[in-house]
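Residue numbers (our numbering), protein chains in the order written: chain W, 1 to 134; chain Y, 135 to 294.
One or more hints might be untrue.
Okay, derived cross-link-like pairs now, DMTMM-like style, lysine to aspartate or glutamate, Cα gap no bigger than 25 Å in a straight line [stated by the list, open to error]: (1) W:Lys-62 - Y:Asp-146; (2) Y:Lys-137 - W:Glu-87; (3) Y:Lys-173 - Y:Asp-146; (4) Y:Lys-268 - W:Glu-118; (5) Y:Lys-268 - W:Glu-87.
Going by beta-carbon spacing under 7 Å, a handful of chain Y positions derived as facing chain W [stated by the list, open to error]: (6) Thr-140; (7) Thr-143; (8) Arg-153; (9) Trp-175; (10) Gly-178; (11) Val-246; (12) Asp-249.
Derived from the structure by calculation, the hints contain no laboratory data. Glycine included, each C-beta is placed from N, C-alpha and C at the ideal position.
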Amino acid sequence: MHNHIVIELFGYAMTPSERLDATFTALADPTRRAILARLAGGEASVLELTKPFAMSQPAISKHLKVLERAGLITRGRDAQRRPCRIEGKPLADVSGWLESYRQIWEANFQRLDALLEELQSPEKKISPRKGKRP
Amino acid sequence: MTKTLTVTTPSDREISLTRRFNAPRDLVFDALTKPALVKRWMLGNMGATMPVCEIDLRVGGAYRFVWRNPDGTEMAMNGIYREIARPGRLVNTQRFETVWLPGESVLTTTLVESDSKTTMTSTTLYDSIETRDKMLKSGMESGASASYDRLADVLAEERR
Numbered sequence: 001m002h003n004h005i006v007i008e009l010f011g012y013a014m015t016p017s018e019r020l021d022a023t024f025t026a027l028a029d030p031t032r033r034a035i036l037a038r039l040a041g042g043e044a045s046v047l048e049l050t051k052p053f054a055m056s057q058p059a060i061s062k063h064l065k066v067l068e069r070a071g072l073i074t075r076g077r078d079a080q081r082r083p084c085r086i087e088g089k090p091l092a093d094v095s096g097w098l099e100s101y102r103q104i105w106e107a108n109f110q111r112l113d114a115l116l117e118e119l120q121s122p123e124k125k126i127s128p129r130k131g132k133r134p
Numbered sequence: 135m136t137k138t139l140t141v142t143t144p145s146d147r148e149i150s151l152t153r154r155f156n157a158p159r160d161l162v163f164d165a166l167t168k169p170a171l172v173k174r175w176m177l178g179n180m181g182a183t184m185p186v187c188e189i190d191l192r193v194g195g196a197y198r199f200v201w202r203n204p205d206g207t208e209m210a211m212n213g214i215y216r217e218i219a220r221p222g223r224l225v226n227t228q229r230f231e232t233v234w235l236p237g238e239s240v241l242t243t244t245l246v247e248s249d250s251k252t253t254m255t256s257t258t259l260y261d262s263i264e265t266r267d268k269m270l271k272s273g274m275e276s277g278a279s280a281s282y283d284r285l286a287d288v289l290a291e292e293r294r
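The shape of chain W in the complex, shown without the other chains (with noise of 0.2 Å):
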């Protein structure tokens, strides 16, 4: 129950922008990108969490904060454990966006990589470029 509220607080009392902006400042850093491919595999607590990293508990503890503030993790009520666990609408939002993004530009350089083979075949000369390629 209390950690339902804090995450009314601290998480999803923020406007839609505020949301984003906590989201992308969460996935900007590489240790807590690692953290979230970890609990995307199961949730763990913090000692479990600790392990495969080169960092104190609290430095952990600090990125978990971010994470639980952007809403992208929540924290279980056991009071021992605390386990950690993945969310996922903050996720999808983002996620949603970079999906359709790589969409767009996997087909564009699906293109460009035929492209770039059709103009370094010896046979098609269409290159515009003036000096022939080894």
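Start from chain W and add chain Y according to the hints.
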């Protein structure tokens, strides 16, 4: 050679793409800056064509792209070249000529060559959080909705 496209958000106003191409970088640079070549690949994933592709490749020179979708609707973008360091670096501004997508962004493209292959990194820096949010919203509306697993894959790449 792996041609995996990597998409990252280096900061809260940036989105970055990294991709390898099986070609030397001066050829990739041509493909980014010669209208006859740009028109052939920078078409998105909706079956659009590019009836207008004008490029004045000088520092301070302008470019303008117009895309036409299969339904006849058009979308235009223009900007100014800020830095041209062939074949390694290109910096240009980007502005959509669309009322619902105001704001400007700066695109920095770097091309690094090794063994006749090129790694291209393109980073877009939005001028404000508002511009980023509008782009984000338009992307979410036009694109396929997010697969959370997909992001997990992206994040999983970080683990190595």
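Results of checking the hints against the structure:
| no. | hint | in the structure |
| --- | --- | --- |
| 1 | W:Lys-62 - Y:Asp-146 | 19 Å, holds |
| 2 | Y:Lys-137 - W:Glu-87 | 30 Å, violated |
| 3 | Y:Lys-173 - Y:Asp-146 | 31 Å, violated |
| 4 | Y:Lys-268 - W:Glu-118 | 37 Å, violated |
| 5 | Y:Lys-268 - W:Glu-87 | 24 Å, holds |
| 6 | Thr-140 | 9 Å, violated |
| 7 | Thr-143 | 5 Å, holds |
| 8 | Arg-153 | 5 Å, holds |
| 9 | Trp-175 | 4 Å, holds |
| 10 | Gly-178 | 5 Å, holds |
| 11 | Val-246 | 16 Å, violated |
| 12 | Asp-249 | 13 Å, violated |
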